[in-house]
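These two chains come separately, so use the hints to put the complex back together.
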Amino acid sequence: MNDPNDAALSALLRQTRSSIPSPTGDFQSRVIRAYERQTPPRSGWRRFMLRTLPIPAPIGAFAAVLLLLIGFAIGLQIRVASTPGGRAERGRVGEHSPTNALERGGEPSRSLGGLQVVAELRPRIIGGEHENR
Amino acid sequence: MMIANEIEELRKAKRGDTDAFRALFDAHHEAVYRFAYRLTNSVHVAEDVTQDCFLRMVSNAGGFDPRRGSLRAFLCGMARNLVRQYWRVTGREVELDDDRDENAATDVVSGNSGSPSPDVAEAVQAAVGLLPVLQREAVILFEFEGLSLEEVSQVVNADVGAVKSRLFRARRRLRGLLEQYFNQIKTDAWRNSQ
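In order, the protein sequence lines correspond to chains A and B.
Per numbering that gives the first Met the number 0, residue 0 is the first one in the first sequence, and the count goes up by one each step.
Per numbering that gives the first Met the number 0, residue 0 is the first one in the second sequence, and the count goes up by one each step.
Please keep in mind that the hints were generated in silico from the structure rather than gathered at the bench.
Every residue, glycine too, gets a C-beta built ideally from N, C-alpha and C.
The reader is advised that the hints may include incorrect statements.
Restraint-style ranges between C-beta atoms, simulated for each label pair [to be verified]:
| hint | chain 1 | residue 1 | chain 2 | residue 2 | range |
| --- | --- | --- | --- | --- | --- |
| 1 | B | GLY128 | A | GLN37 | 28 to 36 Å |
| 2 | A | GLN37 | B | GLU121 | 43 to 51 Å |
| 3 | B | ASP18 | A | VAL64 | 13 to 21 Å |
| 4 | B | GLU29 | A | VAL64 | 52 to 60 Å |
| 5 | A | PHE47 | B | VAL88 | 37 to 45 Å |
| 6 | B | VAL159 | A | LEU52 | 38 to 46 Å |
| 7 | A | PRO39 | B | SER147 | 33 to 41 Å |
| 8 | A | LEU52 | B | ALA26 | 27 to 35 Å |
| 9 | B | LYS163 | A | LEU65 | 32 to 40 Å |
| 10 | A | MET48 | B | VAL88 | 35 to 43 Å |
| 11 | B | ILE6 | A | VAL64 | 27 to 35 Å |
| 12 | A | ALA63 | B | GLY61 | 19 to 27 Å |
| 13 | B | GLY128 | A | MET48 | 50 to 58 Å |
| 14 | A | PRO53 | B | ASP18 | 19 to 27 Å |
Isolated chain B, as found in the complex (with noise of 0.2 Å):
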């Protein structure tokens, strides 16, 4: 949706337009879900963060300025505030630290536990949930939701070198967690070239 229909959108679902609201809705939903699951690991909190950030959406529509940003960056802002808001409020310790022990639980994600090893897709959700908060919602933004540097770094409000360097220590953390499974990919893409 082109970011001048998304402000006449957001006008007219000010103005109670169901349609356009829906119109919005059905847009960047899935995105802003995605976005808050990855972050808190629960389908319920995902889905109310999801609905808080699109009734605030609305109800705050001059909040958003499309010079500073697409609508779906400014949505996942909100939705990481509304995330942080949920772990203050269930009295959860959010360690926004960059610099916390990187050995830390590597075994959960390795299969070193003596459980079975987990799939793929579990293990990376795994690895990602491992990375500190600041850290973890940069790769979120940038590698799940394919979102630029700038829209990242207006999420998360802070500058691009910031950002930069967030997802620079993610990636080498989460190299060190998915080791098992990263070395079976670059075999097979090696095999495949043959």
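One chain only, chain A, in its complex shape (with noise of 0.2 Å):
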């Protein structure tokens, strides 16, 4: 391409480089308004939350993991926890039950000690003479 016609063709293209007709006054104005009405601004507070950081992947993985185990801990100490009286009191509960009775071997206890006294109960004749006494 070192060609003296190359050199002299190069120099006819030059001549010509600025021969192109303007873009219409308003073309810059529209572009923008386009680019304005396509991608709003964003605020700053919303800027701040959307904004990403980059953290390195291992140290990702690592709290990643981290925060499992604490959840899982957390997890196991409510589920303790929620349970009454705790695992030191989950024996004592239904202690006289007779299913608990039979496992260990003996009869089970069958006495009314439980139930509610009633009130004596007095009949009552309702309706006739008997009832204005």
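Okay, structure coming up:
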């Protein structure tokens, strides 16, 4: 491409570099308006909330595992605490139940001690002259 | 504008920073507009292509990889695709073949058609317009826009060897088409050197 004819041709082409008609007067403002319609500017608060932070992968993985472990430990604590009296009291609940007694090899207890005492009932005749007395 | 700055400006423009968008537009819109105009020969189409190009640049900011080339080359590549899209939509047949008849329509440029000879700029524009599309875009990007061979190959999605070949054939054809002006320039240059 070092032919002198090429140099002359390049000179000829260079002459016409600036021979392009200019864009219309409002071209730039039209493009800027189109851009603003397409990409509305974000507020500072929204920009802060949607901001992304680059975190190295090993640190991210370690943080994820740590969070899982913490979550598991907290879940375990809550399960133990939600049982009445905790693990220690669980033995006493139903200690005297017939099933437990059978399991221990004894007779199931058959008493009415747990029943409520009912007040004596007196018969009453409703209606007639007995009622007025 | 430095490439590092451009990437930062592009990020800001994506976030809605109008000033950043304006800076990028100011830096590159003329080149994109010129390229689109030389391909289409229409101010309105070139404006539409340039506008679409910059809006897509923001919405598709992730598509720009600075390791593959400059932002200008990236934008010209988008403009090229948009022009082809426009040609398809308007039903224009795009002849991509490099080897069509080289003597076709030379009279339009050389002024043998009976009409007065056009001035140099018009003649060059007409001659470039007569080139097959693949040669035309290579000439526009390399000769008029001053992109490197690597950047041209990135824009036209071809290897550097193919771009060189297209440029060689385009130059040969332009020399034939512009012979009249070409000889005049050589004569002027010779006179100036005396």
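Return holds or violated for the Cβ distance of A/ALA63 and B/GLY61 against the range 19 to 27 Å. holds, 25 Å
Would you say the C-beta atoms of A/PRO39 and B/SER147 sit inside 33 to 41 Å of each other? Holds: the Cβ-Cβ distance is about 37 Å, inside 33 to 41 Å.
Is 52 to 60 Å a correct range for the gap between the Cβ atoms of B/GLU29 and A/VAL64? holds, 54 Å
Between B/GLY128 and A/GLN37, does the C-beta distance stay in 28 to 36 Å? holds, 33 Å
At the C-beta level, are B/GLY128 and A/MET48 separated by a distance inside 50 to 58 Å? Check passed, 52 Å falls within 50 to 58 Å.
Verify the CB-CB distance for A/PRO53 and B/ASP18 against the hinted window 19 to 27 Å. holds, 25 Å
Does the Cβ-Cβ separation between A/GLN37 and B/GLU121 fall within 43 to 51 Å? The hinted range 43 to 51 Å is violated for A/GLN37 and B/GLU121, with Cβ atoms some 37 Å apart.
Cβ separation of B/ILE6 and A/VAL64, checked against the hinted range 27 to 35 Å: The hint (27 to 35 Å, Cβ to Cβ) holds, given that B/ILE6 and A/VAL64 are roughly 34 Å apart.
B/VAL159 and A/LEU52, beta-carbon distance inside 38 to 46 Å? Roughly 41 Å apart at Cβ, these two residues keep to the hinted range, so it holds.
Honestly, do B/ASP18 and A/VAL64 meet the 13 to 21 Å range at C-beta? This hint is violated: roughly 43 Å between Cβ atoms.
37 to 45 Å as the expected CB spacing between B/VAL88 and A/PHE47, which holds or is violated: holds, 42 Å
Does the Cβ pair B/LYS163, A/LEU65 satisfy 32 to 40 Å? Since B/LYS163 and A/LEU65 have Cβ atoms about 58 Å apart, the given range 32 to 40 Å is violated.
Of the numbered hints listed earlier, those contradicted by the structure are 2, 3 and 9.
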